[in-house]
Amino acid sequence: MIRFRNTGWLIVLIALCASVRLCSQTKDDCLTCHSDKTLSTKKGSATISLFVDEKKYATSVHGVIECVGCHSDLKGKDFPHEQRPQRPTCLGCHDKELAKYAGSLHGKAVARGDALAPRCPDCHGSHAIVPVRDSRSNVAPMQIPYLCGRCHREGTPVTRQHQIPQSSIFENYSESIHGEGLLKKGLAVSATCVSCHSSHDILPHTDARSSIARKNIAATCSRCHTMIEQVHRKIIKGALWEKEEHVLPACVDCHQPHKVRKVFYDQGMANQDCLRCHDRPDIRSSKDGHSLAVKFEELTASRHVKVACTQCHTGVSPSKLRPCQTIQQKVDCASCHAVVGDDYNKSIHGKLSARNDQNAPVCKECHGTHKILGKKDPASPIFSLNIPQLCARCHREGKKAAVRYKGEQHEIIEHYTESIHGKGLLKSGLTVTATCTDCHTAHRELPKSDSASSINPANTPATCGRCHHGIEEKFRKSVHSSDVTKTSKPLPVCNDCHSAHTIRRTDDQGFKLSIMNTCGRCHEKISETYFDTYHGKVSQLGYAKTAKCYDCHGSHDVLRVSDPESRLSHANVVATCQQCHPGATRRFAGYLTHATHHDPAKYPLLFWTFWGMTSLLIGTFVLGAVHTLLWLPRALQMRRQRRRHMESKE
Amino acid sequence: MEPAQEQYHGLEFQRFTRFHRVLHIIMIVSFLSLATTGMTLKFAYTTWARLLSHLLGGFESAGYIHRFAAVALIGIFITHVVNLFHRKKKEFGSWKALLTGPNTMLPTKKDLHDFTASMKWFLGKGDRPQYGRYTYWEKFDYFAVFWGMIVIGSTGLMLWFPEFFTRIIPGQWINVATIVHSDEALLAAGFIFTVHFFNTHLRPEKFPMDMVIFTGRMTIEELKEDKPAEYESLVKSGELEKYLVEPYPEIVVRAMRIFGWTAVTIGISIVLLIIYAMVFAYR
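Chains as they are written, first to last, in this note's numbering: chain A, 1 to 650; chain B, 1 to 283.
Chain A on its own, in the form it takes in the complex (with noise of 0.2 Å):
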């Protein structure tokens, strides 16, 4: 409803304008131009006509205000103007409308940019408005199901490009008990589409807000079913509105939102009555044959105890004898948890699911079905103790995600479980340490490859970070970090040191040793010169006693030796060597740590001294060398006379 609130100040606008010349922009004026029936303007491709019907627009709400009253940045222009008049906003007068509007599905989407959204003179039409009693308003009750149903009909472009948990909305409502008293009754007060959603307020019935949302849909109904209650009392004994209010079906359990029939239903769709045949154990699907049977404890005991059987089998028609068959979704959790449905739909396992891959996860297959529990019980699935389990039914080796994989990854559960987060996990028990899930997400779970992804090494630094943030600032500081070094070489994060899954104490004999290796992947030359020395000498025979890497260079805090701040920038360098040596001065810090004889260029001395102790090597071996094989002949002689001798003497 269209209501002047500020007419005083309009009609003082107005006195305004006429008795000044330069705003003085008449209807007449606009309407020199735009009377005529053949002006139209270009935007890309389409041609728009840009005449406004001066009946139409005098006999409209709007008749009595001037075009420059909506077109407001066009008062006081030259015309004809040259420039598009920017879209007239309803501001001003109907900021009630606009604010609710501005919160709703519609509004909200238009300020995504989501070309398909609605504004005000989609529903309310331009220069013919007419006030919502005139049956000609396209916001007539009347007019209301079409109005609406130009875009939630089945097949527009709404329905194919957005995720509408109801489907065939308009055809629905068209049959149904509501749809049929106005349209085909001609009953104006029947409800139409913003009698349950609103028509400026519309939101998802998520949103605890919305007048379709699980707790306020009763409220919204009884606007009109006043007297609900106690009709409903003769059928759902009275017991139990007091005793087990939780269980207590909502409307639309019972009465299919667009599909509201002039049923008497004396089987209402309460989870009794589901349960009628589902709970008998060896009740089982014609089809294939599984167990259909459902522990209705188990339901009552997990986090979905307040929801309705229904609310997740949706589509059931409780008139039917078998209400269920004409269920034709599978359970939809995005309907409810849309923002983790979202996330899904994004990671690997949504996207095989959605090309009807047989071995993608669904929601079930992680969170169970009937017994669904919080992620903090120790019982459910998904509580941090549990998920290496959940998820090795699939990744350990031989199962069916494993088989698929083709990466550099293997065993990861044995690994894993190795590690140290898997130690903290299961053998320390400790609930808040890294599982699966706190590095792959829990529902976007993307490859490596994946730029969104969590372990993509542009973002690996931030998921490990989530926990070691303290690391996390010392590496960005360091050299190895993207920030510091602008390279087109790949830089190493976090994994490439530690790791997957397979990471250990740093304190570790073994890690320790390695690390020197993992450095010498990239830093190859340098770690070939340490291994001279005395310190990797001893690293090599499997001792982690002496200096490495990090004992001079630190570990995520690496910095240029040229820095300042570096362990070993001129300022540091002694401190550094007394970790060790105690005495170490600035002479013994001159100690070449990457000493090699092979580079003349770089440590001549070393070199010299090499060779210069090389040559007496082989010098001396020569010589002994020929002296001995010259010798040897006249040795093996004396040795054949000796024993003649002897012989001739016995």
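Hint data in this document are derived by calculation from the structure and do not stem from the laboratory.
Everything hinted at is true.
The calculated DSBU-like cross-link candidates involving lysine-lysine, where the alpha carbons are at most 30 Å apart (straight line), are: (1) B/K242 to A/K649; (2) A/K75 to A/K96; (3) B/K206 to B/K125; (4) A/K306 to A/K295; (5) B/K88 to B/K236; (6) A/K295 to A/K215; (7) A/K649 to B/K236; (8) A/K649 to B/K224; (9) B/K88 to B/K109; (10) A/K649 to B/K206; (11) A/K486 to A/K512; (12) A/K351 to A/K399.
Which residues of chain B face chain A? A few of them, derived with a C-beta cut under 10 Å, are: (13) T40; (14) A49; (15) R128; (16) W137; (17) L159; (18) Q172; (19) T178; (20) I179; (21) E184; (22) F191.
Heads up, the beta-carbon is just placed ideally off N, CA and C, and yes, glycines get one too.
Keeping the supplied structure of chain A fixed, place chain B upon it in accordance with the hints.
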């Protein structure tokens, strides 16, 4: 039996005193220990070095053994030098007498003559030279060890106490000391375990082993044949009888032989490991 042998009633000539023999035995033990422990570090990149290092109880324990043996060897060196002073005073009276006497360790004209004569003999152009008490190759061995001890010992001390030595010398010299220490040790080990073993212990005419360094004794016949010049000068001066002693019982000689062979085996094994490391595993 030669008349000379009968004449001496089965007595043998004592070439080395007990003092010298004990020094040599201690030197064998300490040198083998030094070589074994040192090589594990020098050839750290080989599997055998890692294995041996673990067998020795880790690099730290190998380091203790190395330094303990080094102290022993330095001790021997000092003892030898002190003994020289002692003998100068008691036996020779002056350094000149000690250093230029007939039994000197310093190279002499006769050594040069012996060397050229030896070359001729090797090539079949002459007889075996009349070698004296110490042949030129024995003198070479002696000075090789003498020089080696000074070089390896001094650089070893620098590596042992780098914090002290870098008060005097630049840090880079510790790198130099490492190269010198390790290569000189390679030379010493390589030379002793091949050339010295062959020249003095395993010569075919003495095979299976010349035991004189352990027993200190050799038969007169052997002396006459091996060191004719010394024999003649002893006979001439009539001092030969002074050096005649009873031979050791067979069991003692056998024990000494076992010890000798153990040392030779270890030495040759080290040479083989070095060759393997340098030829097949070098990086």
